[in-house]
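Q: Chains A and B, in that order, give the protein sequences.
First residue of the first sequence: 1, per UniProt numbering; consecutive thereafter.
First residue of the second sequence: 1, per UniProt numbering; consecutive thereafter.
Think of the hints as simulated: they come from the structure by calculation, not from any bench.
Take the hints with a grain of salt, since some may be wrong.
[As the list claims (entries may be wrong)] Subject to a maximum C-alpha distance of 30 Å in a straight line, what follows is the list of computed DSS-like cross-link-like pairs (lysine-lysine):
{"no.": "1", "chain 1": "A", "residue 1": "K247", "chain 2": "B", "residue 2": "K421"}
{"no.": "2", "chain 1": "B", "residue 1": "K284", "chain 2": "A", "residue 2": "K655"}
{"no.": "3", "chain 1": "B", "residue 1": "K655", "chain 2": "A", "residue 2": "K168"}
{"no.": "4", "chain 1": "A", "residue 1": "K212", "chain 2": "B", "residue 2": "K421"}
{"no.": "5", "chain 1": "B", "residue 1": "K655", "chain 2": "A", "residue 2": "K655"}
{"no.": "6", "chain 1": "A", "residue 1": "K107", "chain 2": "A", "residue 2": "K330"}
{"no.": "7", "chain 1": "A", "residue 1": "K626", "chain 2": "B", "residue 2": "K167"}
{"no.": "8", "chain 1": "B", "residue 1": "K168", "chain 2": "A", "residue 2": "K655"}
{"no.": "9", "chain 1": "B", "residue 1": "K338", "chain 2": "B", "residue 2": "K284"}
{"no.": "10", "chain 1": "B", "residue 1": "K145", "chain 2": "B", "residue 2": "K107"}
{"no.": "11", "chain 1": "B", "residue 1": "K33", "chain 2": "B", "residue 2": "K107"}
Only a predicted model underlies this, so the values are computations on that prediction, with no experimental measurement involved.
Listed below are the residues making up each chain.
2 protein chains.
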Amino acid sequence: GAGADNDLYINQAIVFIEDAIQYRSINHRVDSKSLWLYRWYYSRTCQWILSLTITVILALAFIEEPSSLTVTSDVRYRLPAWNPPCGLTESVELLCFLVFVVDVSVKSYLIGWKEFWKNKWLMAYILTLIVSLTDWIVSLSFFCKESVRIRRILRPFFLLQNSSMMKKTLKSINSTLPEMASVVLLLAVHLSLFTMFAMLLFARTKDNQQDKEWVVYFRNLPDSLTSLLVLLTTANNPDVMIPAYSKNRAYSIFFILFTVLGNLFLMNLLTAIIYNQFRGYLLKSVQSSLFRRRLGIRAAFEVLSSLKETPASAQQSCVSVGALLQVLQKVEMDSRCKQAITRSLKMCSCDQLSAAQFQKVFEELDKDAIKQHPPSPEYQSYFMQKLQFAFGHPYFGYLGNVVALANIISICVVLVMDADKQPSERDDFFLGAINCFFILYYLLEMLLKILAMGLKRYLSYPSNRFDGLLTVILLILEIATFSVYGFPHPGWRPEFMGLLSLWDMVRLVNMLIVFRFLRIIPNMKFMALVVTTLLDLVKNLRAFAGILVVVFYAFAITGIMLFKGAVVPLGNTSFLIQTPFPIKKVVVGCFKEKNVISWHSAHFQAEIIYCHLYVLSVHLICRWAKIYFVAWWLISSVIWVNLFVALLLENFIHKWDRRCQRESLSDIEYQRTVELMFRDVLEEPTEEELMEKLHQHPHLQLCR
Amino acid sequence: GAGADNDLYINQAIVFIEDAIQYRSINHRVDSKSLWLYRWYYSRTCQWILSLTITVILALAFIEEPSSLTVTSDVRYRLPAWNPPCGLTESVELLCFLVFVVDVSVKSYLIGWKEFWKNKWLMAYILTLIVSLTDWIVSLSFFCKESVRIRRILRPFFLLQNSSMMKKTLKSINSTLPEMASVVLLLAVHLSLFTMFAMLLFARTKDNQQDKEWVVYFRNLPDSLTSLLVLLTTANNPDVMIPAYSKNRAYSIFFILFTVLGNLFLMNLLTAIIYNQFRGYLLKSVQSSLFRRRLGIRAAFEVLSSLKETPASAQQSCVSVGALLQVLQKVEMDSRCKQAITRSLKMCSCDQLSAAQFQKVFEELDKDAIKQHPPSPEYQSYFMQKLQFAFGHPYFGYLGNVVALANIISICVVLVMDADKQPSERDDFFLGAINCFFILYYLLEMLLKILAMGLKRYLSYPSNRFDGLLTVILLILEIATFSVYGFPHPGWRPEFMGLLSLWDMVRLVNMLIVFRFLRIIPNMKFMALVVTTLLDLVKNLRAFAGILVVVFYAFAITGIMLFKGAVVPLGNTSFLIQTPFPIKKVVVGCFKEKNVISWHSAHFQAEIIYCHLYVLSVHLICRWAKIYFVAWWLISSVIWVNLFVALLLENFIHKWDRRCQRESLSDIEYQRTVELMFRDVLEEPTEEELMEKLHQHPHLQLCR
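Working from the sequences, and respecting the hints, build out all of it.
A: Structure, rendered in structure tokens:
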């Protein structure tokens with residue numbers, strides 16, 4: 001009936017507007033049941049469960065068998081890591097897989113059968129699930145004793161497929177690959193030609209004294225290649241040329257030529273190429289987000305205009321304000337925006353909205369949220385007004401900064417004086433007394449500011465929240481110290497009591513004070529610019545960081561599998577070997593203690609960037625490890641760092657260009673998003689584009 | 001009289017046009033004698049003498065007293081360097097100073113008294129000369145035994161002031177300094193806050209086993225600062241965190257945070273800022289060159305229009321074609337351009353040229369020189385035509401590349417097989433025979449190509465010239481080998497004869513063959529693009545390179561003076577010390593041999609980038625050396641590398657954007673200059689701008 005139709009249209013409009021708000025695609029089923037499922041699937045709870053599942057399945061690697069998450073990383077001292085019984089992690093895994101199965105079924109159903117076959121990501125998702133489940137069954141049937149677990153390497157895929165931003169970024173990286181491959185090829189040619197040169201230049205001579213260069217670095221083809229590859233990372237920079245150089249200075253020309261061509265030109269060329277490819281990346285992605293938003297709103301307009309209550313008189317389709325208000329009430333969105341839109345609709349004199357008016361109403365979504373601080377309290381007494389003026393003045397804030405600086409300097413002085421003292425000689429009184437004084441000042445400053453500005457206004461500034469929180473923590477710590485160790489007095493050096501010793505307490509307080517010093521940042525213009533750029537960058541980098549996590553995870557799991565048996569603690573035996581593989585920049589450090597060098601496989605842990613490879617034997621590393629680490633260096637260090645630089649350049653230059661324009665508005669704090677940064681450059685999609693896209697919708701049949 | 005006036009005008013026009021061609025400023029004296037002096041000063045001979053003088057005075061450091069330019073760099077083996085007697089280098093210096101005195105007087109005279117006072121570079125030039133001469137007198141009065149020679153540090157100034165491009169670049173770098181200083185300040189804040197954190201975190205504990213981190217890296221403030229500064233250069237990347245990390249993995253968070261913030265964010269921010277500042281640099285400099293050219297030509301027009309022979313009838317001033325032809329004959333310029341301009345003037349129907357026409361005539365100067373290859377010879381015989389077709393075809397060139405590749409591979413195979421053989425076991429026959437065969441093929445290829453293309457056309461391609469030259473050298477080497485050692489036969493291992501042993505000859509031949517393989521570059525599209533970008537970059541980088549030389553020179557001389565007494569060869573005594581200063585990336589490598597470490601001062605030599613600091617004592621380095629090397633690192637590594645990256649980005653992106661446009665024209669080889677790269681973006685200066693500038697000319701009084 002017409003009522004049911006109307007309900008359907010209203011529901012469709014709600015979902016389309018929600019799609020527009022979240023920049024989602026509108027190409028999904030639009031019948032009543034599917035809409036209910038769709039809203040359920042994209043509800044906060046469901047998405048939260050999905051994210052949790054992904055986190056859990058990724059985190060499993062920390063406690064699964066070949067992991068070694070212990071406090072110390074030193075193989076000689078560490079206790080055996082906790083080994084979960086067979087079946088524990090596996091059952092958690094099964095639960096996760098079940099969630100993923102539900103996820104993939106709902107997703108596939110919602111986009112429809114036809115679209116499903118076009119969607120390679122979904123197919124890959126299903127394939128990954130099938131392989132993982134098969135591997136899981138194999139695993140259980142071997143009672144967890146099998147050596148290779150393919151499903152672990154596949155895990156990061158679940159993270160990848162869940163984020164549309166990451167998929168987009170990956171596509172973009174993919175399109176840069178041909179150019180990157182060209183430069184990498186060029187690097188390979190450069191490397192191989194120079195390797196041949198080096199082998200001819202530093203050949204074995206009859207005089208054994210003279211061919212040190214050959215013995216150490218250019219003994220054979222793999223050695224020469226490695227030496228020069230490492231030189232490309234600058235890790236063995238002067239060492240590799242020293243023997244030849246000390247024979248004849250002219251040999252250095254070879255190495256200089258190699259470094260200048262390879263490091264200065266080709267490596268930076270990679271940066272240039274990646275930057276060139278990514279120059280439009282942010283803009284393009286924001287542009288396509290804008291298109292999705294406009295499309296969702298237009299779709300909502302179209303379905304609302306099909307409502308039976310609309311008078312079919314006018315040629316142009318239009319939507320009644322009442323219907324829109326009805327829809328708006330059910331839409332989940334930011335309450336500020338909802339209020340603003342409802343207000344503007346109620347103030348609107350007309351009863352019917354055209355497509356353009358409809359879009360205009362929703363432009364509130366794109367607007368900056370102008371943050372207004374609550375007003376200061378108005379005091380009656382003249383004295384209070386004077387106080388308010390004095391302590392609300394910026395100079396009072398500057399005084400606070402100066403005091404914080406004085407505190408830092410005093411800590412620094414004490415540290416320098418105490419640097420070489422034995423812990424038993426140290427007098428904690430001075431530092432304790434100073435800190436006590438400064439923390440009292442901080443407390444006073446906070447209270448006076450609250451007095452002047454009122455609590456609400458005080459808390460509305462992020463810098464004050466940061467400041468206040470740290471002051472409260474410092475106060476609590478100080479009170480705890482006094483309650484345990486009594487008040488400071490000369491020769492105040494009590495025994496260890498409670499959770500932390502007095503010295504540890506003082507250190508903790510000092511660290512917090514150093515941290516609190518960061519409050520000066522907003523006061524320095526350039527620093528503030530840099531910090532906001534960095535924060536913006538972090539927002540835009542989420543997709544990159546996700547892909548990085550995916551790559552790290554895959555590499556770490558591969559590393560664990562490759563180097564599993566290689567960790568053998570050697571005790572304190574004297575076993576000094578010269579490692580032939582000093583790719584420090586390849587993220588692998590060869591850990592040399594005085595007497596012990598032992599190999600240690602690259603573990604997946606938080607410090608994966610700094611994973612250390614303890615050396616068991618030189619032979620092990622020669623083949624597979626080399627390939628593994630060169631691949632790792634290429635991907636993590638060369639490509640990813642360059643991508644990062646490209647993004648930073650892009651962000652910074654946009655920000656910098658805009659800095660001058662906004663100077664006048666600097667009093668108003670904007671909650672700026674990436675979309676807003678580009679607003680003046682973005683192109684609005686045309687009516688025709690929107691309608692063409694709408695007519696291509698696989699499930700929505702528009703009346704006209 | 002009128003004749004003398006006319007002569008003066010003609011001379012002025014000649015000089016102005018020459019100024020325009022060379023992009024020189026026209027603000028110099030314009031009376032007859034000054035014009036003669038001006039042309040003499042800018043004549044090739046004079047400029048060549050000046051450049052030679054600058055080269056000589058800079059090169060003096062290689063033979064002057066504290067230098068040690070010997071074949072080996074090893075203090076233990078090297079012979080004492082040649083020490084020129086007192087007065088030898090000093091008299092050469094005096095000669096150079098005299099040339100500079102003449103230079104500065106002529107320059108000052110030519111720009112005139114008024115302008116002289118405004119020109120800070122000239123004042124600095126005179127000051128430098130006075131200081132240098134005073135220092136020279138002091139030097140001689142001490143019989144060259146004085147310890148400090150200020151004039152040496154001042155020497156690079158002579159290089160700097162002689163190049164207008166370098167002065168411009170320096171100005172441009174100067175304007176970037178405030179932003180760079182902000183980031184460096186930010187880095188300093190970052191460093192000092194983290195140092196305080198580190199000192200609090202890794203404080204001395206009561207348990208001596210536990211505080212390895214404190215002992216090695218964070219003992220006191222200078223140590224901590226150094227450790228973290230070096231971490232910023234990534235030179236001690238994992239080492240610095242190992243002791244703490246092996247105590248508790250969580251400590252790594254501190255180091256990761258420091259590296260990510262400092263290295264990834266702040267360092268790259270520096271790149272972004274410098275790139276942002278330099279984005280318009282190339283364009284702006286080309287734009288100002290264009291203005292100088294147009295101004296010079298306009299000035300020539302104005303003086304020529306004042307010639308008495310011109311009919312004063314017309315309102316608009318104009319120039320007779322005859323006068324211009326007369327001027328052109330005397331102007332020193334590229335003969336191709338001169339011919340083209342003369343031709344266009346003769347073909348011109350009109351007798352008088354307006355200002356616009358006058359400018360248009362000289363547009364030939366801005367045009368690409370389209371390079372036309374001479375035609376191939378036309379053979380009568382059908383057989384010869386077939387041959388010509390076959391060997392002139394690109395496929396024949398490709399075949400040559402394939403053969404060169406095969407040669408490279410064969411050399412590689414022999415190298416791999418011979419890698420571990422003793423020199424006495426090596427059989428030179430195989431390599432000798434192979435090379436003989438390949439070189440014969442190369443000779444044949446060259447001859448056939450010459451047959452097909454004719455010698456002139458063959459030589460007109462740079463790739464052929466490269467190819468042919470190497471082939472001829474290879475042939476000569478091969479003939480020399482055979483004439484000395486006879487033809488190759490199995491077991492061909494003769495004794496050492498002549499200049500080089502057989503093995504050295506073969507190696508030399510092989511190196512040349514590897515080098516010859518570079519001929520494939522133009523055949524690969526992307527490689528060709530990259531290589532042309534690099535060549536362009538080298539052109540644009542000349543000014544930067546000059547400034548770099550200036551900085552290097554000043555640093556090297558300071559280094560020599562600071563570390564003069566520090567070089568003491570220690571023989572083979574066992575003297576292993578752990579250096580506390582491992583800033584490898586600071587261009588200083590600590591040379592560790594098995595048993596010997598000795599200090600060696602940073603010398604000024606060609607390999608200055610790789611200067612090695614041998615260690616005599618730890619104490620020496622602690623203060624001054626640290627400051628010296630940190631300054632060196634900041635300037636050479638951080639700032640200069642970033643400048644380089646910025647320029648590379650700028651060049652590459654321009655080139656890349658233009659690549660698609662020019663694709664169609666790729667058959668015609670352009671002799672492209674920087675000016676041409678930007679031609680479509682440049683703005684022509686307006687009539688008003690030019691005339692305003694002309695009226696500001698200090699010496700030229702225009703009639704109207």
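Q: If you test the structure against every hint from before, which numbers come out violated?
A: Structure breaks hints 7 and 10.
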